[in-house]
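S.K.: Work out the full structure, taking the sequences as your base and the hints as a guide.
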Amino acid sequence: MADASLWTALADPHRRAIVALLLERPRPVGEIVEACGLSQPSTSKHLKVLREAGLVQVRQDAQRRVYALDPAPIAELDAWLAPYRRLWNTSLDRLGRRLDETSVDPEEPTTKG
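Going by the working numbering, the residue at position 91 of the sequence shown is 91; the numbering climbs one at a time, nothing skipped.
Rather than coming from a laboratory, the hints here were simulated on the basis of the structure.
All figures in this text were calculated on a predicted structure; none of them were measured in a lab.
There may be inaccurate statements among the hints.
Said to hold, decoys possible - Computed Cβ-Cβ distance ranges for the label pairs, DEER-style: (1) E31 with D70: 12 to 22 Å; (2) S103 with P13: 12 to 22 Å; (3) R51 with P83: 26 to 36 Å; (4) R97 with P71: 34 to 44 Å; (5) S91 with D70: 46 to 56 Å; (6) D100 with D70: 20 to 30 Å; (7) D61 with L87: 39 to 49 Å; (8) L87 with L23: 22 to 32 Å; (9) S39 with R97: 43 to 53 Å; (10) L81 with G37: 22 to 32 Å; (11) D3 with Q63: 24 to 34 Å; (12) V29 with E76: 23 to 33 Å; (13) S44 with E101: 54 to 64 Å; (14) D78 with K48: 17 to 27 Å.
Beta carbons are placed, not taken as given, at the ideal position from N, Cα and C, and that holds for glycine.
M.R.: Here you go:
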(Lines of atoms letter the chains of each structure in order from A; the text may use other names.)
(Lines give C-alpha, C1' and ligand atoms only; values in the text may rest on other atoms or scores of the structure.)
Protein backbone atom coordinates (compact mmCIF):
# COMPACT_ATOMS: atom_id res chain seq x y z
CA MET A 1 0.00 0.00 0.00
CA ALA A 2 1.13 3.56 -0.63
CA ASP A 3 2.95 5.25 2.22
CA ALA A 4 0.64 7.32 4.44
CA SER A 5 2.86 10.37 3.90
CA LEU A 6 1.84 10.35 0.21
CA TRP A 7 -1.84 10.53 1.13
CA THR A 8 -1.16 13.20 3.75
CA ALA A 9 0.85 15.27 1.27
CA LEU A 10 -1.88 15.04 -1.36
CA ALA A 11 -4.68 15.80 1.11
CA ASP A 12 -4.00 19.53 0.89
CA PRO A 13 -5.47 21.36 -2.13
CA HIS A 14 -2.48 23.71 -2.41
CA ARG A 15 -0.10 20.76 -2.62
CA ARG A 16 -2.30 19.08 -5.23
CA ALA A 17 -2.16 22.32 -7.24
CA ILE A 18 1.64 22.30 -6.99
CA VAL A 19 1.75 18.67 -8.16
CA ALA A 20 -0.49 19.59 -11.10
CA LEU A 21 1.88 22.44 -12.04
CA LEU A 22 4.88 20.15 -11.86
CA LEU A 23 3.11 17.59 -14.00
CA GLU A 24 3.54 20.02 -16.91
CA ARG A 25 7.29 20.56 -16.37
CA PRO A 26 9.90 21.27 -13.66
CA ARG A 27 9.61 24.77 -12.24
CA PRO A 28 11.66 27.11 -10.06
CA VAL A 29 10.15 28.12 -6.73
CA GLY A 30 9.36 31.63 -8.00
CA GLU A 31 7.09 30.27 -10.73
CA ILE A 32 5.33 28.00 -8.26
CA VAL A 33 4.77 30.91 -5.87
CA GLU A 34 3.37 33.06 -8.67
CA ALA A 35 1.11 30.34 -10.08
CA CYS A 36 -0.29 29.30 -6.70
CA GLY A 37 -0.77 32.79 -5.32
CA LEU A 38 0.73 31.81 -1.97
CA SER A 39 3.50 33.53 -0.07
CA GLN A 40 7.03 32.25 -0.65
CA PRO A 41 7.32 30.84 2.92
CA SER A 42 3.97 29.06 2.61
CA THR A 43 4.90 27.61 -0.78
CA SER A 44 8.23 26.45 0.62
CA LYS A 45 6.47 24.65 3.47
CA HIS A 46 4.19 22.86 1.00
CA LEU A 47 7.18 21.92 -1.17
CA LYS A 48 8.96 20.55 1.91
CA VAL A 49 5.99 18.25 2.67
CA LEU A 50 5.92 17.09 -0.96
CA ARG A 51 9.69 16.53 -0.94
CA GLU A 52 9.59 14.57 2.33
CA ALA A 53 6.80 12.39 0.92
CA GLY A 54 9.01 11.69 -2.10
CA LEU A 55 6.62 13.32 -4.56
CA VAL A 56 9.03 16.00 -5.76
CA GLN A 57 12.75 16.30 -6.29
CA VAL A 58 14.72 19.51 -6.10
CA ARG A 59 17.92 20.56 -7.82
CA GLN A 60 19.98 23.70 -7.52
CA ASP A 61 20.32 25.68 -10.75
CA ALA A 62 22.68 28.59 -10.05
CA GLN A 63 20.69 30.75 -7.61
CA ARG A 64 17.37 28.94 -8.16
CA ARG A 65 15.88 25.79 -6.71
CA VAL A 66 14.01 23.88 -9.42
CA TYR A 67 11.36 21.35 -8.43
CA ALA A 68 10.27 18.38 -10.52
CA LEU A 69 7.67 15.69 -10.00
CA ASP A 70 9.00 12.23 -9.13
CA PRO A 71 6.84 9.73 -11.04
CA ALA A 72 7.64 6.71 -8.80
CA PRO A 73 5.30 7.59 -5.90
CA ILE A 74 2.52 8.52 -8.34
CA ALA A 75 2.94 5.10 -9.98
CA GLU A 76 2.75 3.51 -6.52
CA LEU A 77 -0.54 5.30 -5.83
CA ASP A 78 -1.85 4.33 -9.25
CA ALA A 79 -1.00 0.66 -8.62
CA TRP A 80 -2.77 0.76 -5.27
CA LEU A 81 -5.87 2.36 -6.84
CA ALA A 82 -6.01 -0.05 -9.83
CA PRO A 83 -8.32 -2.66 -8.21
CA TYR A 84 -10.75 0.08 -7.18
CA ARG A 85 -10.70 1.55 -10.67
CA ARG A 86 -11.53 -1.91 -12.10
CA LEU A 87 -14.41 -2.20 -9.62
CA TRP A 88 -15.82 1.17 -10.67
CA ASN A 89 -15.33 0.43 -14.37
CA THR A 90 -17.16 -2.89 -14.01
CA SER A 91 -20.01 -1.19 -12.15
CA LEU A 92 -20.24 1.62 -14.69
CA ASP A 93 -20.19 -0.85 -17.58
CA ARG A 94 -23.08 -2.76 -15.98
CA LEU A 95 -24.99 0.48 -15.46
CA GLY A 96 -24.37 1.48 -19.08
CA ARG A 97 -25.70 -1.85 -20.35
CA ARG A 98 -28.77 -1.55 -18.12
CA LEU A 99 -29.46 1.98 -19.34
CA ASP A 100 -29.07 0.84 -22.95
CA GLU A 101 -31.60 -1.93 -22.34
CA THR A 102 -34.16 0.41 -20.83
CA SER A 103 -33.58 3.51 -22.92
CA VAL A 104 -36.39 4.95 -25.00
CA ASP A 105 -35.88 5.61 -28.69
CA PRO A 106 -36.18 9.41 -29.12
CA GLU A 107 -37.84 8.81 -32.52
CA GLU A 108 -40.67 6.78 -30.98
CA PRO A 109 -43.65 8.68 -29.62
CA THR A 110 -44.18 8.17 -25.92
CA THR A 111 -47.55 7.29 -24.51
CA LYS A 112 -48.88 9.22 -21.58
CA GLY A 113 -51.27 7.46 -19.33
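S.K.: The structure should be examined with respect to each hint, and the outcome stated for every one.
M.R.: Hint-by-hint comparison with the structure:
1. For E31 and D70, the Cβ-Cβ distance of about 18 Å falls inside the hinted range of 12 to 22 Å, so the restraint holds.
2. A beta carbon spacing of about 38 Å between S103 and P13 contradicts the range 12 to 22 Å that was offered as a hint.
3. Take R51 and P83: their Cβ atoms lie about 29 Å apart, and the range 26 to 36 Å holds.
4. Range check, R97 to P71: Cβ separation about 35 Å, and the 34 to 44 Å hint holds.
5. Judged by the Cβ atoms, the range 46 to 56 Å given for S91 and D70 is violated: they are separated by roughly 32 Å.
6. At about 42 Å, the beta-carbon gap between D100 and D70 misses the expected band of 20 to 30 Å.
7. Judged by the Cβ atoms, the range 39 to 49 Å given for D61 and L87 holds: they are separated by roughly 44 Å.
8. The supplied range of 22 to 32 Å is met by L87 and L23, whose beta-carbon atoms lie about 26 Å from each other.
9. Against the hinted window of 43 to 53 Å, the Cβ-Cβ separation of S39 and R97 comes to about 52 Å, which satisfies the hint.
10. At roughly 29 Å, the beta-carbon separation of L81 and G37 lies within the given 22 to 32 Å, and the hint holds.
11. Distance hint check for D3 and Q63: the Cβ-Cβ separation is about 33 Å, which falls inside the suggested range of 24 to 34 Å.
12. For V29 and E76, the Cβ-Cβ distance of about 26 Å falls inside the hinted range of 23 to 33 Å, so the restraint holds.
13. The supplied range of 54 to 64 Å is met by S44 and E101, whose beta-carbon atoms lie about 56 Å from each other.
14. At roughly 24 Å, the beta-carbon separation of D78 and K48 lies within the given 17 to 27 Å, and the hint holds.
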